[in-house]
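Sequence lines, in order, name chains A and B.
Take 419 as the starting number for the first sequence in our numbering and just add one per residue.
Take 45 as the starting number for the second sequence in our numbering and just add one per residue.
None of these hints come from the bench; they were simulated from the model.
Just to be clear, a hint being listed does not mean it is correct.
[What the hints assert, rightly or not] Chain B residues, not near chain A, derived (Cβ > 10 Å throughout): (1) ALA69; (2) PRO141; (3) THR163; (4) PHE164; (5) VAL230; (6) CYS263.
[Stated by the list, open to error] Each pair of labels, with its calculated beta carbon distance range: (7) GLY131(B) - THR471(A): 19 to 29 Å; (8) TRP444(A) - ALA91(B): 42 to 52 Å; (9) ARG313(B) - ILE744(A): 55 to 65 Å; (10) THR543(A) - SER95(B): 50 to 60 Å; (11) GLN723(A) - ILE124(B): 14 to 24 Å; (12) THR492(A) - LEU299(B): 40 to 50 Å.
The beta carbon of each residue, even a glycine, is placed where N, CA and C say it ideally should be.
Listed below are the residues making up each chain.
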Amino acid sequence: MTAVTVPVRPAEGANPRPLPWRRMAWVSWRHHRIALSGVAVFVGALALWMWITGLQLRHAYAAAAACHPASSATCQNLIAAFQSTNVILKGGFVLQPVPGLIGAFVGAPMLAREIETGTFRYAWTQGFGRRRWALAKLVLVGVAVTAVAGAFSVLVSWYYQPYLATGNGTVFSSPSPLSPGLFDLRGVAFAAWTLAAFAIGALAGMLIRRVVPAIVATLAAYTGLALLAGNVLRQYYLTPLVAKGSNLPDSAWITSEWWTKGGKFAFGGRPSVGLLQQLCPSSFNAGPGGRVGTGSFSPSTCLVQHGYTQWSDYQPASHFWPFQWIEGGWLLALSVLLIAVTVWLVRRRVA
Amino acid sequence: MTTLTIPARLEEGANPRPLPWRRMAWVTWRHHRIALGGVAVFLGALAVWLSLVGLQLHHAYAAAIDCHPAGSTACGELVINFDTTGGILKGGFVLQPVPALIGAFVGPLVLAYEFETGTFRYAWTQAFGRWRWTLAKLVMLGVAVAAIAGAFSVLVSWYYQPYLAPGRLYSAASPLHHWLFDLSGVAFAAWTLTAFAIGALAGMLIRRVVPAIVATLACYTALAVVAGDVLRADYQPASHFWRVQWIEGGGLLALSALLIAVTIWLVHRRAA
Numbered sequence: 419m420t421a422v423t424v425p426v427r428p429a430e431g432a433n434p435r436p437l438p439w440r441r442m443a444w445v446s447w448r449h450h451r452i453a454l455s456g457v458a459v460f461v462g463a464l465a466l467w468m469w470i471t472g473l474q475l476r477h478a479y480a481a482a483a484a485c486h487p488a489s490s491a492t493c494q495n496l497i498a499a500f501q502s503t504n505v506i507l508k509g510g511f512v513l514q515p516v517p518g519l520i521g522a523f524v525g526a527p528m529l530a531r532e533i534e535t536g537t538f539r540y541a542w543t544q545g546f547g548r549r550r551w552a553l554a555k556l557v558l559v560g561v562a563v564t565a566v567a568g569a570f571s572v573l574v575s576w577y578y579q580p581y582l583a584t585g586n587g588t589v590f591s592s593p594s595p596l597s598p599g600l601f602d603l604r605g606v607a608f609a610a611w612t613l614a615a616f617a618i619g620a621l622a623g624m625l626i627r628r629v630v631p632a633i634v635a636t637l638a639a640y641t642g643l644a645l646l647a648g649n650v651l652r653q654y655y656l657t658p659l660v661a662k663g664s665n666l667p668d669s670a671w672i673t674s675e676w677w678t679k680g681g682k683f684a685f686g687g688r689p690s691v692g693l694l695q696q697l698c699p700s701s702f703n704a705g706p707g708g709r710v711g712t713g714s715f716s717p718s719t720c721l722v723q724h725g726y727t728q729w730s731d732y733q734p735a736s737h738f739w740p741f742q743w744i745e746g747g748w749l750l751a752l753s754v755l756l757i758a759v760t761v762w763l764v765r766r767r768v769a
Numbered sequence: 045m046t047t048l049t050i051p052a053r054l055e056e057g058a059n060p061r062p063l064p065w066r067r068m069a070w071v072t073w074r075h076h077r078i079a080l081g082g083v084a085v086f087l088g089a090l091a092v093w094l095s096l097v098g099l100q101l102h103h104a105y106a107a108a109i110d111c112h113p114a115g116s117t118a119c120g121e122l123v124i125n126f127d128t129t130g131g132i133l134k135g136g137f138v139l140q141p142v143p144a145l146i147g148a149f150v151g152p153l154v155l156a157y158e159f160e161t162g163t164f165r166y167a168w169t170q171a172f173g174r175w176r177w178t179l180a181k182l183v184m185l186g187v188a189v190a191a192i193a194g195a196f197s198v199l200v201s202w203y204y205q206p207y208l209a210p211g212r213l214y215s216a217a218s219p220l221h222h223w224l225f226d227l228s229g230v231a232f233a234a235w236t237l238t239a240f241a242i243g244a245l246a247g248m249l250i251r252r253v254v255p256a257i258v259a260t261l262a263c264y265t266a267l268a269v270v271a272g273d274v275l276r277a278d279y280q281p282a283s284h285f286w287r288v289q290w291i292e293g294g295g296l297l298a299l300s301a302l303l304i305a306v307t308i309w310l311v312h313r314r315a316a
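Isolated chain B (complex conformation) (with noise of 0.2 Å):
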């Protein structure tokens, strides 16, 4: 990368050069290591703790599907032993707020840190362009939160199918219940995603790291709120999960890249 200084806007018809990729996923990498680093920690520890309690979980749900004859008390002694097992995870709801964190630790770094500590003056002033090292980096982090969550999500739906399966032991929660919908299928991916997008966005306009990392947690809570109450409330039947789920997640999808945009055309407009 080359340190000559120029100016803030590209002449009028110079040609587009290409992004490279590998170079800005490097410098990514190099910036951004002890938050991605810490994301892995977090889901990792979180992963440990699902996975151990999963399998009791599933263990008890195998013996209570095998117990014959279905209504005796005996049978229902291991409905409830199932029906006890996992605690706070059972609803769901404990797992909520992970996107909100993920987006809200990761997203206002690569803007807010670059205002508040000054760098953006070495940052912004090189060959490469100032835009097109915003767009790597947001893109690239927002790809790998993205996926990281996606992979953490997998897991999430493995631990909570015995809720979702149907069978005799009570009526199966639907899988479009509010706090379970969110947490599998590519929602929880999605969710990831739009809570960087907020934080990339927030640390842009707010320029300070710890009053955008607030602001995101505000804006994501409204977020979930709204969309859990209001645009999803009429109750669907559970063929239409996944329907649901691609709507919602093309959704999300859409206003993350609307809100890395303004972001990116936020970058470009600001005179240094």
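Bound conformation, chain A alone (with noise of 0.2 Å):
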């Protein structure tokens, strides 16, 4: 790498010069072996933690599934101890962290390092050019980070797979593959997700030029990004299916719920109470011993009884592939992006 200072804008008509990759990943390691070396140490002991505790989970599933018959006390027990193993990772939150804590912690001191300590003035002189100077880094420390968590969601999807197997479906209830909570620690989600996060924060460390601010930042858009695709977004990737009443498989991931009367829309969600007393003045009963809800009275037995109709909007199983295709890939053109905008601002910032 010579050490002549060049102008900022290269002269017009210039040829563009190759990236020397190899060069400019021995750069990338040497920056930041701290950093992704703390994302190995950090995502190995979560894989070595899952890894143990699946055996434990396949292990208290199989004794569940060959137990015969599955209606007895003690089959009974062996699907408890099952659902109860390891509830802390059960519904898949834990995880939803890690790509955010990824991305803060790579991506965010990135290039706020740079420009907070000042070293920017030497990077960026060089002659190799500061614009791939940048582009080379993010590519190369994006796709690193992407790849490690690639490799740890195939463990995560080995994790849950006992909990998502089909067959023994009246035995166990088992989550929609679509839920919330497991949906973007799988396929390709969860990769997606730590490579926009990574984006988020170089871009947050570009324009706040201090890290642990930028780390916050990036922290914060990517809780809210995460919300907002997970609770608003998700459920309209491809139209959903609509089934009368509530019969659904549990593989089926309900989005909404609605009851019509005639024909016509009536409300949407659960009956209200004052609905009830209307049509069932007998649902004011107490049942035997004054516990809630005992007896064969229910509220949707009450309603049907008077002509209304349930209905579910849902999105059956065989959607969560499209839906990880549809979110992988709006994921990535959002990193895409992001890291082009931060590179077009390393070129535009006045040294």
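Two chains, two frames, some hints: make the complex.
If you want it as structure tokens, here you go:
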């Protein structure tokens, strides 16, 4: 690498030089080896924990699944033991912050540190050119972080496989693969979210120019985006299927329920107490022993008897991979856009 | 504050000077106003969210409790309605990382930042004396952070009160249950102070900000898991709630004081 200073803009019509990726890979490793090793240690420790608890889970599942007859007390105990193994990991929510943490602690310091400590004055005035340098670093570290996350998500899919196994569907209540806690831990989504967090971190670092505020801003932005995607956007990726009643397999992800009467919309969600009181006054009788909700009288029965029909919007389990590709696709596009904006900002900033 | 340089060690037998707390409070605020402001914004946003959902929750609870007769299906509907209000806040799980985040992002700033940028060479060579400066900063920031967290935990206790109220809705969650215990009483403020103290010591030992933040989060997680799973494992009756709170709060306070004392001792010993 020459140390000759060159003007910030290349001359008009200059030949684009090829990017020496191997040399930049060495530079990126030297600059960010602590961050990358930290990610490896963190993900490695998580992977070890999940592998150990995953083996426990599989033993419990095998014991419960092999037990016959399924309704006997012994077998019910085994099923209960399976369902209570590793409750902390069960819904998948504990692993949700992992992409955000990786992206914030690797992506945000990448450019923010250079600017905060002033070393950009040395790094950006090399003959190499600041834009190519920033692009190479972001792409190489981004790919590395995404690859680590992708490998980890394979282990996560392996872990959750007993919960999602079909076949014994009447014995275990299993979650839908599309449920918010599990969907973005598996397939391509986990790696895509990690890349998006990294890209948000890089842009935040470039805009805020201080490391710790950039980390905080990245965590906040990532949380907002993840909540938006999970709660609002995801259910609209494909048109949901409509079914009558709520007798759907466990693997379906129900996105909304509503009731109609005589072909016209009546109300959404659960019936109000006032409506039940009006239609079925006998539902106000206390059940035997004063316990809640006993007897054969249920709100659904009451409504059906009065001519109401229940409908559900749902996404079947077969939509899992199309959703994964859609979500992975727009996250990848967003990441590319954010990294492009970051590199453009590097070029524009007056050194 | 004079700018004379003096030797790192006080002379033997020098009179101990009183610490001018008001002046150090001003200095601490000027140095860390962004961090403290960030904590206030973060907890403020959480407080707004908790208030909005908490009002819904309390309305649903009041409606369910007032319903008669209690065993009927219609009143069961109100119980289900109460049960599904609150979403992810329900088990107390989502608020667990809050003390760790506050401590990890405020604690290391006191010392690690000075080391990383080299400004310790200016700050520690004031006539004021380096360990008095560190003591004043750590105590004031620790008190500020614990006070903000304590105020926030009052709101959190209000939020979870319907779940812990004895009633015929369902077996009320025990206030000693894992996730709810360290969000209420004095435990939340004590955990925040502990996270801050861990952060300060990590900053002094590691001397780089981002690794110190990561180390603080890791140590806090390990400590919280040990406290929750091992020390508090035996199920205790609800009447023991305040006793266990004071024991845990006292233990954490002692731990924080020890960590801060070790940090100050390290500041005193380190050759500038």
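Hint numbers contradicted by this structure
2
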